[in-house]
Structure formats: structure tokens, C-alpha cells
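S.K.: One line per chain: the protein sequences are A and B, in this order. Under our numbering, think of the first position of the first sequence as -12, with each following residue one higher. Under our numbering, think of the first position of the second sequence as 1035, with each following residue one higher.
No wet-lab data here; the hints were simulated from the structure. Possibly wrong hints are sitting among the right ones.
[Stated by the list, open to error] Label pairs and their calculated CB-CB ranges:
1. A:N82 to B:R1365: 39 to 45 Å
2. B:T1191 to A:N229: 34 to 40 Å
3. A:R211 to B:K1624: 35 to 41 Å
4. B:T1191 to A:T193: 53 to 59 Å
5. A:S194 to B:D1452: 27 to 33 Å
6. A:S260 to B:N1574: 43 to 49 Å
7. A:N229 to B:S1244: 47 to 53 Å
8. A:S260 to B:K1624: 35 to 41 Å
9. B:Q1223 to A:N89: 52 to 58 Å
10. B:P1648 to A:S194: 37 to 43 Å
11. A:N213 to B:K1624: 55 to 61 Å
12. B:Q1223 to A:A264: 47 to 53 Å
13. A:N82 to B:I1551: 34 to 40 Å
From a predicted model like this one, the values you see are computed outputs, not experimental measurements. Just so you know, even glycine gets a beta-carbon here, dropped at the ideal spot from N, CA and C.
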Amino acid sequence: MSERDKYERFVKNHPHHHYTFFNRPHFTRRRFFEIVGSGVVGSYLVGNAKAAQITTQSQQTKNTAKNCIFILLTGAISHTDSFDVKMVNGTTPSNFNPATVNGISWPTGLFPKMAQQLPNMTIVRSMQAHALVHTLAQAWSQIGRNPAAALGDIAPNIGSVVAIEKASERQPGQVFPTFLALNSPSGVGQGYFPATYAPFRLNQPTSAALSGVPNTTNPLGQPRLNTLLTRLHQIDDPLRVNSPYSTDMQDYDEFYSAAKNLTYNPVVSQAFSFNTADSMRYGSTSFGNSCLVAKQVLASNQGTRFIQISFGSWDMHIDIYGQQNPKGNNMYTMGTPLDNGVGALLADLQSSGLLNDTLVVMVGEFGRTVGGVTAAGGRDHWLQQSAVFAGGGVQGGVTHGATDPTGAMTTDFGWSRGRVVYPEDIEATIYSAMGIDWTTIRYDDPFGRGFEYVPFSEQDLYGPVNELWGS
Amino acid sequence: MVKIRTLTLGAAVTGLSLAGFVYSQQQGAEDGPQIPVSESQCSFFGPNHDKFVQAGFMAKGLSSGQASPRALMTAQVASALPPVPGDSRTAADQQVSSTNTIDRYIFQGLQAAGMQPAPPTNDFEFLRRVTLDLTGKIPTADQVVSFTNDSSPDKRTKLVESLLGSPAWLDKWTMFFGDLYQNNSQNTQITRFPQTVTAFNSYVRNSLSSGKPYDQMARELISDQGDNSYQQGELSFIVGGVVGGGPVQDVWDQQTANIATTFLGLANLNCLLCHNGRGHLDSINLWASGVTRNQAWGMSSFLSHTYTSLTRIDSTVRNSPYYWGTSDDTRYKTDYALNTTTGNRPPRQPIGTQKTYPPVYLLSGAKAQPGQNYRQALAQDVTSDFQFARATVNYVWEYFFGIGIVSPSDTFDMARLDPDNPPPSPWTLQPSNPRLLNALAQDFINSKYDLKSLMREIVNSKTYQLSSRYSGTWNPNSANLFGRKLVRRLWSEELHDAVAQSSNILPTYNLMTAYGITTNWAMQLPQPLGTPDGNNGAVNNFLNAFLRGNRDDQPRRQDGSISQALDLMNDNFIMSRVKSTGPASSLLVKNLNLPNDQLVNNLFLAVLSRYPTPAEMTAAVSNLADGNRNQEAENLLWSLYNKVDFVFNY
């Protein structure tokens, strides 16, 4: 039986069980910690992952990436105008200038800077989303599973899984959260994991003058802040440590521990502040500055391992080429900032040597309709899409999988499983790259049913795209 | 290979679900030509995703026995029995004198589940809790002292009356209903200019102020017509359903979905306006899984004579500001047409020879009468529906208790509400206490839809007045039995106003610059957006850090964060208010020359609404006596603003 048959048979034999929404398990992680009767301990400096019973199938991981930058193109980028470019005569603007660069077809006019990075990039063109609802599919991309399924709504972000896995690798003196989320105010959080593994969210300004982490110094100075915190703990520990009122209050104390580590720390301004010249190289946009900060944060080696950057909206139902309204949201007004940011990011990561152990992943939540544009001059939602990888040990300058001449459907799967690549496979790929066994099941979930890092790993339903490593 | 351990918790947990395939309506790889229609934004999983996470624990089928008829029978039987010898402190014993509807059902449920309720709140806890919940403010030091010294037995009910009559009650509930009606200047589809936002805000405020029955308010919001939203705030509600990029049916569908969500708690109608429930909602909602898209169109058809207009103030100026209006039977005079192929929702095509769909109220089958204004007919159908009362009391209950009786509160399942007619297995009744929900709804109707009466019933109950401290083993599965008050982090505006009020250093924000109208209170802002200080946005950042939401794709949230901690520790909004040098009227300067113990007492009373514990007093006094006194006083006040019992309502 082929992998594809196996997958389809599994899906057929395991239809969505008709448990009601409310009969499916729901829990917040807070309730979980109330159940196990355990106060959440410490900050990420001292707090290792709570000992959980863990099983794996002892899969050999690639373990070539120390860090991951996960760029989510929200709203769903048109794959046939970008990473799987198709020249549709009379539709695709000629100044997209699709050309074959080192064997990869690429819109060199739209993405000239990324074109220079193609030797570092790997494109998977046989990817498909499961769903065509923006927010559902966005959450799906971030948790690598169906948000509406069991455990879906308590599932941690991939970055939180990385954070809990890498907690034991944190060095003394490293003060940044393991999981940083830039320009992702409404992204998925830590799910049922403790607050320690939550994304630290920060929106980037467009102006260098406003860069940095706000309120990391106190107007009265550092010694005084230390005194203040001592006084606070003196009178508040009976309520904030093992609180008689609620674990919510204990969680709040955890955020204080993390916050204190960010104050009066020169590495904070080094990593999070930037100058105008650098910002201009990245395009002087909020997205570009996020890429710049991501690079600086990784260079600072302060414990951050997973950085999510969200950039949208690519939801171009109307006027996708800006023919009616050149200043609206279209492939040019969004594409240029993307090209500037990612182009500079990959160039800088490479020149600093960070690219070798930093995996960059770039996906939208699904693709867009192909061929001619709609009556509104736009492209609607479509399952077929592409995923882009770079660095972190994957082989650059190649593509995997291929679509038909229109880009509507996969014609060549391009990997051993002989089926399309799903978000779950991307998730498994990230884990494998970072040395995390994707078949891990933790039994610290609120239901004791076992939280699989990648769903259905016992059935081997999803797995890493090992072909990215050229094997 | 390692075997996955499979546990059975209730009936719920064993399934492996691949619901994704339910959503894959357009297959790319294998199937034929595509239909060029985009999937609509599905709000059920949209901004609500986090809400489901937040609220999820409450709704699970894991608990509680409470909802099953058998448990209720057990409760009735058990309450008729004499107390078990030796078990001297059952819930029923403790609360036997209560006549409050809420307490009757809640304590019955607790007893049936064998769960001991938390002890009652003390006066300090109650005063702070109910003042925050009803008015968004903390009590003043004077109020704390006088209330706790008052020995009259009815002082709590008297307090409730005075809070319900206070101007701050209007501020708080104008904000609450502004959230519910999503009054904002910008959503993903439309812009409302400030005059429109302000007019809508004033409409809500004036309606609450005049004691307008809530059913009347709902009817006005659903059916009022007019051409100028600058002058008629209530028009804004229907305007909020305007969507671009598609035919007018898309607009009617969204307007209908907004009505169903806001007034009936039926957010699922939005799903049904794209597709039948079967195959989509089977796992989510028993009732909705049997509803067809055609039936949902029957609801939208009530909007099908409505034209939502946009009028520029100066039609000769391209970017002139504009106001909105709604009118019926002007531009649109035929019923909901089945004639679309593009837009935000799947095509609408004739059913056989039927080319339009008539208005039929989904929950009763009622039809609009010939000549009747469709929206007025719908408003009548909605507000005379028991579900309207049920959904409304549930929204309010969810606010006061942290968990709706049906939760999340906009996901009602009409087929799982009747305790005398429970749904077939494996479904269970949806409300955690269906008889209580129905009784509350009936009380609300009996009060002529009086919101204050509903709130009075809630906050005067012994259930509401239970402590949030719990000494026994707390079973969080049973949180929806309401045996303990759950804490909540203060709303962004509450926190801001509590700091401003207690420090007695009030900021001033422009509300309507042109008219010189200002406010000192974040709770009086017409929407949780914008820059109240009008200068550098610093206070705006402070308010946003506490997740006040945007009334569109970001709901108000209760999570904590590192940013919140940084702001409370270091932000100028706090730091400028803990100085020992400053206005003579400020809390710290005013009390600085008092003896140490009085200083400590007064700061605690003003900020935390209670006296210090002996340990807190000892620590504070010794710091003041041993160190730089002014600095230690500042340290103390700063500590109080950073204490968890300041940041939370407990």
C-alpha cells in the first residue's frame, strides 16, 4: 500500500467523531495545573519543563537547526504569483518578470532580493492546506493540527513546544524568552503549557526611534527597582505564590519574573533596538523591522530559539495587481516589503553565519485561485499552496514537488510519502530540524489522553519532509 | 512502537478526529474545475478561537452530572432528605434560608454533586467585588470604612441599590454593551466616523440611563430606520453588518448573523448562511446540524428590503467623511433573491422554480404578514422569543461569574436546552444548569426585561457572594457548578481608573475636542481604541497591554503577559502616581505626614479596599521606620499597585 493510500485509508476509517463541541475535551492549562495540584515554578531561567511522562518512537531527527524563524503570511499569499509563479498571459503583470534562476522559476521583477537568495532557499510546491477559513487555517499552521479537533483548542503553538523542549538547554544568564512573537498580536499562545512557554509578543514600529522593548527601565533607576520588587514580594508572596484565590494569580507572578529579567539588561536594547540605516536595508516597514530584530535577537544568543513573524494581509480578493488602486493591498504593496525584509534577513543570516543553524520557514495559511483573476480582479481561496524553507541545514537552491501548468493541483508530490505536504508535515519538519522527536507524546495534558507533538504520530500519518536535506 | 494510552473520560475523549476534511470544500489535487467563490470568513472559529480556548474548560462534557436529568432528580430527592448524621455542614443546610432563584438551583446542584461551596465573602471582599462588577470602579477608602462599620443587616442590598443608581454603572455597562454591539470606528469592512461612534455610544448610554426595557432596545437596534448615523446612534448596529466584495445578499446575511449572535446567542447562524449544518456542524451543534442553508435564508430574508446607505458630508469632496443610514422598501422591495454566483459566500441559486426566499423566523416558523415591515416583524419575533431572554441573561451571567451557563455564550444549541426533553446520547444538555437558565430568563421577562433587575438578582444571591478562596480540594471540572467565585483580571479600563482614582491624580482626555468635552476615566471612552492622551500614545499603549480588544477581530481578553508586568512595574502612568512629591491632594502626599500605621492603613484602604493584614502592617511599618521614609512610602504604594489583589477582582 502506498503512503498515499495509507493516508487516505486512515482518513476514511477515522472520520471525524461526532462528539459535540462541548463533549470534546476542553481545558485551559490553568485548570490543568489546578488538577495536578502543582504550582507553576519559576521563570524560564530556572524553570525546566515540568517532568512529564513522555513516550516517543525514538525517531532519528535531523537536528541541524538550533533556531527557527517562522514567517506566517496571513491572509494567504497567491502561490502562482509568488513561490510557484505561473505566467498567465494577459493576467500576470509582465513586470513580475518570471524567469528561471538556477533552475527555479521565480518572479524576479516582484521579488528581486529574494531571487539573490534562491541558492539558500528550498521551495515545496506540493503543499496543501486542509481548510479555507482564514483564522482556522492560520491557527492550523501555528499548531500543526486541526484547531477544532480534540486538544486543538488547548494545543500550544509550535514555538511553545520548542520552548518546553529547549528549556533544559538554556544557559545561566540568558534572559530572553525562548519563544518570541513579532507582529503577531492575535497568534496562538502556549495552549495548556505554563506561562513560561508563552510567546513574548512585541509589535515592531516602522521608525527606529521607537524601537526597543518599552518599559524595561524604571524612571527611579535600577537599584530602586530592585528595592521595589523586594518590597512587593515581602507583602505579596502569600497571595502570588501558591495563591489561595486562583492559579491565575500565580501565573501573573511568573510574568513578573520574566519581565524583571528584561529590565536593565543591555542585551535587550542591543537586540531589540535598531538604527535607521539597518532598518532601511530591511525596507523600513514594520515587517522588515521584525526581520531585523529577529536576526539581532538570534545573534545575541540570549535563549530565544523560535521566532514567529506574522505579515499580512495577503487576502487579495479584489484588485490583486493594483490596477484600480495602486496603493491598496496588492502584490506590489505587500510583495515589496516582503522581498526587502526576507531578502535582507537571509543575506544577514548568511553573512553572520547564523543561517547554518537557523531554519527559516515561510508559509501562508492556504493558496489562492489560479489562472485568470475574478471579476473583482482578485484571487479567491484555494487549498494548493507552497512553502519556503531556508537555512538550518536544508539544501538550498532546489524545489520539491510540482503543480500542473495552472498551479491548481499537485502533479508531482516530490517526497517519499507520495502525497501532498500538509501543515502537520511542516510541523514535523521543524521539529526534526531542531532535534525534537516529532513522535513525542506528553502525558501532562489535561485529559491524560496524551498530547502528540504531531497528531497521529503513532500511525505515522505525518512526518518530516526529509528530502529537504537532500537525502 | 509505543502504544498510545487511551483514556476514557466521560464519553468524550477517545476519538481521533480529522475534522479538517470536513472543511475541505474545494479540493485542489484530485477534483475537477473550481468554483470561483471564496470561502467566507467563518467567525465561529475566527476571533473566537481564543475565546473558545479561554472559555473551553467550562463547557466540557467532562463534568459534572449537573446537567443530566438524573442528577437533577438526585438533587430533588436529596434535598428532601434529612441531613446525614455527622455531616453537619451540607450546602443545603448552610443556605437553607435562601429564597433567591439562583441559590435554589445552584445549591441544589452543588449538593447533588457532593461539592462543598466556598464560604461567604467578607464585607471587604464583597464591597470591592460588587463595586468593580457593577461600576468598573473600586470603592473609595471612605466607602470601605463606612460599609464595613455599618451594622445594618440589609447593608449589602442597600449598597447594590446605590451602585445600580450611580453614574459609574452607566459608564461600565455602556462599555459592556458597546463591546457586545461592536461599536467601533473601524472593522475589517467598514469605517464609522467619530460622530457615528459617539452617537451609538450615546444611544446605548441614554437607553441604559432611562431604564429602557431591553426588549425595546433590541427592537430599536434591529429595526429602526433613518438616514443619518451621526444623529441616530442605533442605526450603527445594522450598519455593522455591511460587507464589501459581494452582492447585497452578503450584507443581509452578515446583518442577520449579527442579530442572531447578539440577541439570540446563535453565532452558528453565520455558518448556516453558507452551507447546511449537516456535514459541517454535526460535531458542534445538534440543532444547527439539522438546519439547512435555505432555512437560514428565511432569517436573512427579513433584511432583504433593507438598504444601508452611505452619505458623504460633502459630495464634491472625494474623501469627505460620511454617515450611514438604513431604510426599508426603498431600493430593495423584493424578497431575498437566489441569483448570486460570486462574492463572500457560496452561490445562491434558484430552488427548482423558486427564485426568491421569503422571510420565515427560523425558531418558530412565523412569517411576516403582508404589508408588514420585515425588520419590524423580525424584531418582534426575536424579542418575543424565549431564547432572546435566555441568551441575554446568559451573556450577563457570563460576565458576573466568568462562565456562562451556556458557554461560550454565543453558541447556543437549541436542541440541547430543555431539561425535560434531553437530547439523544451521546449528546448532553448544553447548559450547566438548564432549569436555572430558564428561571433566570423567565424572571427577566417578568421584570419587563429590566437589566438592573437581573443584575440585582445576581449580585444579591448567596452564590455571587461566595468567596473565591476555597479550602477544600478544588475540582476545576466543576467550576460551572459555581461553588466558588472565579477571579478575573481587571479590565484595562478598570485598572486604569482604579490607579487614577486611588492615587487621586486624574488624567484628562479629550472626548470631543470640538466641544471641549473631556473625561478623567477610561471607562467613559466611546470605544477601546485610539489615543486618549492625544499626545504620544503612551497611555494608549498601557491600555492596550491589558488587552481591551478592538470590538472587531480582537476580543477583550483576560490573559496576563510580560508586557503587563513591565507596564505595571515601570510605566509612567504608574510611576508618576507613586511620588512623595507632587500635588498636595495626591494620595501619598496627603497621607505622608500621618503616623506610620495610619499611613499604611490609608494606602491599603484607598488602593486595595481593605486594611493590611498584621504581617503586611508589620513589614510596611518597619520599612518606613528603618529606611528613607519618603522613599519607603513610595515603595509601599508602588507595591500595592503591583499586588495581585489589586490587578484581580477576587
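S.K.: Each hint needs a verdict: does it hold in this structure or not?
M.R.: Results for each hint:
| no. | hint | verdict |
| --- | --- | --- |
| 1 | A:N82 to B:R1365: 39 to 45 Å | holds, 41 Å |
| 2 | B:T1191 to A:N229: 34 to 40 Å | holds, 35 Å |
| 3 | A:R211 to B:K1624: 35 to 41 Å | violated, 23 Å |
| 4 | B:T1191 to A:T193: 53 to 59 Å | holds, 55 Å |
| 5 | A:S194 to B:D1452: 27 to 33 Å | violated, 59 Å |
| 6 | A:S260 to B:N1574: 43 to 49 Å | violated, 21 Å |
| 7 | A:N229 to B:S1244: 47 to 53 Å | holds, 48 Å |
| 8 | A:S260 to B:K1624: 35 to 41 Å | holds, 40 Å |
| 9 | B:Q1223 to A:N89: 52 to 58 Å | violated, 43 Å |
| 10 | B:P1648 to A:S194: 37 to 43 Å | violated, 52 Å |
| 11 | A:N213 to B:K1624: 55 to 61 Å | violated, 28 Å |
| 12 | B:Q1223 to A:A264: 47 to 53 Å | violated, 39 Å |
| 13 | A:N82 to B:I1551: 34 to 40 Å | violated, 51 Å |
Hints 3, 5, 6, 9, 10, 11, 12 and 13 from the earlier list are contradicted by this structure; the remaining hints agree with it.
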